[in-house]
Amino acid sequence: MSLPKLEELSQSVWQGPSLSTGAIPTKEWMDTPVTFKPGGYAYPAKKEKLEYLNAQPGLSFPFARVWSPEEDDWLLPDNWKDIILKGIAERLDKFRSLKIFMDCCVRCGACADKCHFFLGTGDPRNMPVMRAELLRSVYRGEFTLAGKILGRLAGGRKMTVGVLKEWFMYAYQCTECRRCSIFCPYGIDTAEITIILRELLYSVGLGINWVIEPVSNSTRTGNHMGLQPLPFRDNVEFLAEDVESLTGIKQNVTFNRKGAEILFVTPSADVFAEPGIYTCMGYLLLFNALGLDYTWSTYASEGGNFGLFTNNEAMKALNGKMYAEAERLGVKYILGGECGHMWRVVHQYMDTMNGKTPANMEVPVSPITGTVFNNAASTKVVHITEFTADLIKHNKLKFDTSRNSHVRATWHDSCNPARAMGIIEEPRYVLDHVVDKWWEMPENTIREQTFCCGSGTGLNTDEIMELRMRSGLPRANAVKHVVEKHDVNTLACICAIDRATLTSLMNYWNPGVTVCGLTELVANALVQKGENRADMPEGLRTML
Amino acid sequence: MSQMFDLAEGFRQYQEKILARWVDYTLSTYESSDFFKKEKDQFANPIGGNVRVALGELLPLLIKGAGRSEYEPAIERIVSIRAVQQFTPAQAVSPLNAVKHITREIFGADSERKHLNGELYDFDFAVDIALLAAFDIYMQFRERVYSVRINEIKSGSIVLTDSMCPSKLLKPEGEIPMAQTGR
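Residue numbers (the numbering used here), protein chains in the order written: chain F, 55 to 598; chain Y, 11 to 193.
Take these hints with a grain of salt, some might be off.
To be verified - Pairs of lysine to aspartate or glutamate, EDC-like flavour, derived with a Cα cap of 20 Å: (1) K219/F <-> E381/F; (2) K50/Y <-> D167/F; (3) K101/F <-> E253/F; (4) K212/F <-> E196/F; (5) K202/F <-> D157/F; (6) K534/F <-> D120/Y; (7) K48/Y <-> D167/F; (8) K452/F <-> D589/F; (9) K539/F <-> E86/Y; (10) K534/F <-> E26/Y; (11) K47/Y <-> D589/F.
What the hints assert, rightly or not - Counterexamples of contact, computed for chain F against chain Y with all Cβ distances above 12 Å: (12) W121; (13) R161; (14) G216; (15) G345; (16) T349; (17) L383; (18) V419; (19) N498; (20) D516; (21) E517; (22) R524; (23) D541; (24) M560.
Calculated from the structure, these hints are not laboratory results.
Just so it is clear, the structure is predicted and the values come from calculations on it, not from any experiment.
Virtual Cβ for every residue (Gly too), placed ideally from N, Cα, C.
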């Protein structure tokens with residue numbers, strides 16, 4: 055009897071090289087074209103959404119068309135290459151950081167194994183250094199003397215349709231989480247390279263719908279969901295009624311109220327979708343208990359800013375509505391809810407994009423504790439977690455942690471608040487006070503080194519569920535550890551996209567683990583005067 | 011005349027070597043696998059870590075001819091990962107089968123133990139049964155991905171892309187003002 059040898063087994067199973075299939079590569083990466091298959095790419099931006107946005111003053115989303123990544127012909131404009139090369143030149147001139155990022159990488163490899171997409175796929179083009187190389191090789195080949203003369207010998211190549219397709223694949227296999235950047239000795243921010251790649255792709259009409267439709271909706275009605283003022287108000291009021299029936303305390307909620315001290319802005323997913331709505335109920339309960347002089351806006355009705363995932367101009371326009379509304383309503387400052395990339399935009403880009411804040415705005419001061427938030431002196435936006443931590447620090451809130459006895463929590467540091475703006479200790483401080491005990495995940499998966507949910511930057515769409523499950527593996531793997539070791543049943547975080555996407559991630563990798571926002575846990579445990587609480591074994595999620 | 015070693019001794023002698031080559035083979039199915047093979051921290055390297063743990067649990071169970079319920083968790087640990095990576099179903103489960111061939115190559119290279127290759131029927135049978143279990147488990151996880159996707163659609167977040175706003179529903183197709191911003 056002859057037995058098949060190991061090599062024969064391999065040959066019978068691995069049928070030739072193809073990218074990301076796990077097949078053993080036989081060619082250089084530059085010679086391996088990308089292939090798009092269902093499940094491997096997010097659906098292209100709808101033509102009418104791009105047309106709508108392109109018609110808006112100050113925005114540019116040209117070449118709207120119906121196209122498919124699976125087709126050979128992407129129906130590019132005739133002068134697509136000129137547009138791209140001109141776009142690179144403009145950005146090299148405009149952003150000194152990009153020029154430095156293109157020139158200073160020494161390929162040390164420190165970033166290579168830090169990306170959740172690489173760790174979940176084993177695809178070399180998901181190493182951050184390689185993802186940047188997709189652009190850097192064109193920069194060398196088209197913009198540097200050595201690259202023009204020596205070509206591939208100098209790591210350069212010409213801009214081709216194949217390169218453009220490669221960009222479309224890998225610019226959308228990066229969630230701009232910036233984990234790689236903290237390991238780079240030169241501080242290269244690969245997220246910003248992805249941002250530039252996506253901008254360039256939009257300049258020739260290539261984008262994804264899960265990003266562009268929220269941008270379109272936010273431009274039109276103020277929020278991702280496309281909710282108009284009345285349904286938005288109705289949803290919030292509906293949640294307020296739920297809080298009232300659970301606690302016996304009528305909730306005082308106002309909308310577009312001029313003269314309020316504070317404007318509250320949060321992701322619309324909190325108002326609309328599970329499990330964010332429980333976090334939203336938490337905001338309502340907390341603010342009502344404090345007697346906070348605050349109002350919602352039905353126009354600045356979205357904290358999220360998917361413009362960040364398209365181009366600078368769209369990001370600026372969407373961010374601008376927060377200030378516009380703060381000015382119209384005459385508030386002193388903005389209190390921001392549990393959102394992820396909203397804070398990236400506020401913390402890193404808002405100042406330079408939208409400049410001086412309206413004259414009516416002041417350096418934020420907590421009306422309850424008198425604490426001056428000097429850290430928010432320029433943007434005038436305070437994060438709800440630092441606001442709540444300050445309240446606890448000054449003994450302004452009374453908690454009964456037994457009300458969270460159904461919760462055995464671990465803490466997920468959401469990439470943007472944690473890594474981009476340093477909200478690391480505050481949520482832990484809050485968590486310490488609202489639950490009896492909680493458990494940290496392994497140290498190389500938390501704080502600045504936190505792993506992304508795998509679905510940020512507009513990749514939280516269902517058609518790429520498998521991609522999301524593998525990019526979320528490093529996060530889920532760390533959660534699994536605390537589930538097995540400490541019987542953890544709750545993954546808490548401060549990001550709306552996390553709340554939605556980690557729910558799916560847990561349903562696949564760690565069934566039985568619930569995802570919640572921090573303010574939900576705060577509100578669960580908060581003891582209020584005059585309350586007449588129902589039996590709430592599941593906190594705000596209790597169905598009466 | 012060399013001493014005749016029995017199969018149990020052969021596995022005791024070579025279990026670590028078989029495991030190391032099995033892990034190496036399994037990780038070689040990833041396009042860029044050096045890091046997966048090298049990094050030992052299971053949180054820095056979830057694929058490498060889980061493959062190492064799972065095969066480490068599985069091998070002694072296969073050697074002793076354990077029942078399916080005993081080794082299912084180990085197979086789930088590997089197959090749950092490979093079920094969402096871009097493998098065909100055969101590619102996803104085939105590394106399990108490789109242990110038969112690895113064992114033969116290792117015994118075959120040892121003149122004192124190559125006769126053991128004739129005694130591997132029970133081991134082969136255990137691997138075959140485990141491979142069949144792996145197909146079942148692969149399908150369970152594929153179905154789980156689909157149900158996760160359906161749950162997400164049903165949870166309402168699909169409205170974000172695939173719904174119309176109420177005002178649009180009131181208008182006939184083609185009458186949507188393109189330049190109305192609401193500002």
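Hint check:
Taking the CA atoms of K219/F and E381/F, the gap is near 43 Å; set against the 20 Å cutoff, the hint is violated. Using a Cα cut-off of 20 Å, the hinted pair K50/Y and D167/F holds, with the two alpha carbons roughly 13 Å apart. In summary, the hint linking K101/F to E253/F is supported, as the alpha carbons are separated by about 17 Å, within the 20 Å threshold. For the proposed pair K212/F and E196/F, the alpha carbon gap of about 6 Å is at most 20 Å, so the pair holds.
Distance check on the hinted pair: K202/F and D157/F sit about 15 Å apart at the alpha-carbon level, within 20 Å; holds. Distance check on the hinted pair: K534/F and D120/Y sit about 41 Å apart at the alpha-carbon level, beyond 20 Å; violated. For a cut-off of 20 Å, the pair hint linking K48/Y to D167/F stands: about 11 Å separates their Cα positions. Of the supplied pair hints, the one linking K452/F and D589/F holds, its CA atoms being roughly 19 Å apart against a limit of 20 Å.
The suggested pairing of K539/F with E86/Y holds, with an alpha-carbon distance near 18 Å, which does not exceed 20 Å. As the CA atoms of K534/F and E26/Y are separated by approximately 27 Å, the hinted pair breaks the 20 Å bound. Straight-line distance between C-alpha atoms of K47/Y and D589/F comes to about 52 Å, which puts the hinted pair past the 20 Å bound. Every beta carbon of chain Y lies more than 12 Å from that of W121/F, the smallest distance being close to 17 Å; the non-interface claim holds.
The Cβ of R161/F sits about 15 Å from the closest Cβ of chain Y, beyond the 12 Å cut-off, so the non-interface label holds. Residue-level check passed: G216/F sits 18 Å from the nearest beta carbon of chain Y, beyond 12 Å. Residue placement check: G345/F keeps its beta carbon more than 12 Å from all beta carbons of chain Y (closest about 32 Å). Every CB of chain Y lies more than 12 Å from the CB of T349/F, the least distance being 19 Å, so the non-interface label holds.
For L383/F, the requirement that its beta carbon stay farther than 12 Å from each beta carbon of chain Y is met, with the minimum near 15 Å. Once the 12 Å rule is applied to beta carbons, V419/F is consistent with being away from chain Y; the minimum gap is 31 Å. Under the 12 Å C-beta cut-off, the non-interface status given to N498/F relative to chain Y is violated; the minimum distance is some 6 Å. Listed as a non-interface residue, D516/F fails to keep its Cβ farther than 12 Å from every Cβ of chain Y; the least gap is roughly 5 Å.
Consistency note on E517/F: stated as away from chain Y, yet its beta-carbon is not over 12 Å from all of that chain's, at 8 Å minimum. Distance check for R524/F against chain Y: the nearest CB is about 5 Å away, which does not clear 12 Å, and the non-interface claim fails. No beta-carbon of chain Y is positioned within 12 Å of the beta-carbon of D541/F; the least distance is around 17 Å. Not every Cβ of chain Y is farther than 12 Å from the Cβ of M560/F; the closest lies at roughly 9 Å, contradicting the non-interface assignment.
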